[in-house]
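Participant: Order-wise, the sequence lines are chains A and B.
Heads up: the first sequence begins at 1 in the numbering used here, then just goes up one per residue.
Heads up: the second sequence begins at 1 in the numbering used here, then just goes up one per residue.
Hints are not guaranteed to be accurate.
Pairs count within a copy or across copies, as identical chains cannot be separated in the list.
To be verified - Subject to a maximum C-alpha distance of 25 Å in a straight line, what follows is the list of computed SDA-like cross-link-like pairs (lysine to any residue):
id	residue 1	residue 2
1	K158	S41
2	K2	K158
3	K88	I126
4	K2	E150
Calculated from the structure, these hints are not laboratory results.
2 protein chains.
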Amino acid sequence: MKKSLGPHPFALPAPVWVVGTYGENKKPNIMTAAWGGICCSSPPCLTISLQKQRASYNNILTNKAFTINIPSQHQVIEADYVGIISGKDEDKFVATGLTPIASQVVNAPYIQEFPLILECRLLQTIEIGVHTQFIGEIINVLAEEKVLGENGLPLLTKVNPPIFSPSERAYYEVGEYVGKSHSMGLVLKK
Amino acid sequence: MKKSLGPHPFALPAPVWVVGTYGENKKPNIMTAAWGGICCSSPPCLTISLQKQRASYNNILTNKAFTINIPSQHQVIEADYVGIISGKDEDKFVATGLTPIASQVVNAPYIQEFPLILECRLLQTIEIGVHTQFIGEIINVLAEEKVLGENGLPLLTKVNPPIFSPSERAYYEVGEYVGKSHSMGLVLKK
Chain A
1 MKKSLGPHPF
11 ALPAPVWVVG
21 TYGENKKPNI
31 MTAAWGGICC
41 SSPPCLTISL
51 QKQRASYNNI
61 LTNKAFTINI
71 PSQHQVIEAD
81 YVGIISGKDE
91 DKFVATGLTP
101 IASQVVNAPY
111 IQEFPLILEC
121 RLLQTIEIGV
131 HTQFIGEIIN
141 VLAEEKVLGE
151 NGLPLLTKVN
161 PPIFSPSERA
171 YYEVGEYVGK
181 SHSMGLVLKK
Chain B
1 MKKSLGPHPF
11 ALPAPVWVVG
21 TYGENKKPNI
31 MTAAWGGICC
41 SSPPCLTISL
51 QKQRASYNNI
61 LTNKAFTINI
71 PSQHQVIEAD
81 YVGIISGKDE
91 DKFVATGLTP
101 IASQVVNAPY
111 IQEFPLILEC
121 RLLQTIEIGV
131 HTQFIGEIIN
141 VLAEEKVLGE
151 NGLPLLTKVN
161 PPIFSPSERA
171 YYEVGEYVGK
181 SHSMGLVLKK
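So here's chain A without its partners, still in its complex pose (with noise of 0.2 Å):
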């Protein structure tokens, strides 16, 4: 039996990604988006949505560029610091002790920490209502060589990135390897 909730952002599963900008001064900024997800294969985007008096609303307007950095389970604690504080009032690149690299391919910075990155050039820019949606080419995507697999690809359980509950507000982990995608469902097919 189905119960009516009423209208709610409860779409599960959702990411904890840390968006890198560059503020005044090419200043290093981070912020957490759990609103977004990847948009097209090719050119491979992403999207994330930001509200207009985050910092890092201006910034990524100003250089047309973000980076993606996504955390591991044990950086759980400084991404969730970095969405609670705005970088308006404190550098928070200090206060986590991350350290700020500065992307080779666009204007933005990435976290040295973290295991996976994705280094974006701003493509458009969607408004939708209380946030706007930035659409970004995702121009290189970086890795620790400790997270990719025997064919040189990352794989999530080596990622291990927290994974956001929005119906909650709270962070789980990855769970067990399942299967193959476009793979096992042909068990179906007459």
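Using the hints, position chain B against chain A.
Facilitator: Below, chain B without anything else, positioned relative to chain A:
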């Protein structure tokens, strides 16, 4: 040490969402999409990206509506199957044994057996590259009572959706509860 992997849509984690639409003569269709995410809190909105050759693409444009059906882990084979086969070739409800139910609030069907449903009306259509992004306003959320927590909201471990890893094209389970967002990070506050 970070390795440069080039441009790829390797943003982790991604969802496993089944999009419900009506085709000609109100024939229900479903397809799986992993390119999507929440994009606004108010009005609550989400995005999904589809390629133009998909039957669901025209269905959304015609009806200005779709549902997002979130499977539970034991439904991953059905969810994978409806991402492989085209609705132009086969009735996917017959093939999977899933049951289409008419939404009461938007012109689209949802899947009776799936635990969490988001009923969406089309708000914007954004051309990006090989994928087109549809922004849908979440008009209502339907949830099986058994996936709700004590506060009446869906719990990630009870919905228990598969998690998609784009770099491996593989599914994973949800793991253990970690902690509350907007809270865990406060231990870093001076």
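Participant: Checking each numbered hint in turn, tell me which of them this model violates, lowest number first.
Facilitator: The structure conflicts with no hint, since it agrees with every one listed earlier.
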